[in-house]
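Q: Residue numbers for the sequence shown follow our numbering, so the first one is 1 and each next one is one higher.
Hints are computed from structural coordinates only; laboratory data are not their basis.
Each hint can be trusted.
Pairwise CB distance ranges, derived in the manner of DEER restraints:
no.	residue 1	residue 2	range
1	Arg79	Asn117	50 to 56 Å
2	Ala90	Leu57	24 to 30 Å
3	Lys98	His15	21 to 27 Å
4	Ala42	Ala118	22 to 28 Å
5	His15	Glu116	44 to 50 Å
6	Gly45	His15	35 to 41 Å
7	Leu110	Leu64	32 to 38 Å
8	Glu112	Leu72	44 to 50 Å
9	Leu72	Lys98	32 to 38 Å
Derived EDC-like pairs (lysine to aspartate or glutamate); straight-line CA-CA distance at most 20 Å:
no.	residue 1	residue 2
10	Lys98	Asp14
11	Lys98	Asp86
12	Lys70	Glu11
13	Lys6	Asp78
14	Lys70	Asp14
15	Lys70	Asp86
Computed from a predicted model, the values in this text were never measured in an experiment.
Beta carbons: idealized from backbone N, C-alpha and C, even for Gly.
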Amino acid sequence: MIEKNKTSAAELADHHRRLLLLAVLAVSVKYAASAAQHLVGATTGRYLDAVEIGMALLVIAIVLPIVLWKILRLPRGDRHLYFSLDGFVAQSLIRAHKVSWATTFILLALLETMTENALADIPPVFFLQLVLAVMLAALGGTFFFLNRVDVDNDPADESDERR
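Required output: the full structure, derived from the provided sequences and hints.
A: In structure tokens:
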């Protein structure tokens, strides 16, 4: 008997991409918390440590099931559909990568000019963490912006009105 509710490999790939981008945003928060620790006191640093641990656990909780599913349950015949770059979600991810790269490049150019004088006493690891946080936040934020649901122009609503 055939399952009626079986999700296609392409739909599952889109769902997994969205989940992975949530994990990317969590990693971004983790790096932002790490960078902020260089600027705050010890008391606030303890809270930021908790944020880092929470974000790391969230990433593991999101990524591990996806990886296990790919290893154990992805049918061989559906691999080409699952990893295909065709489709709206995959194209949104490619566009988000471009925006992320451009944002990172601009940030690096700005930081290069600012570190000569004003920010010279901050440790270099702060800048690495800051750049990683911004890069990943730009990637995740752009992806979810491109994939937002426009309630006013929802095709499902228009089809219901025609009936």
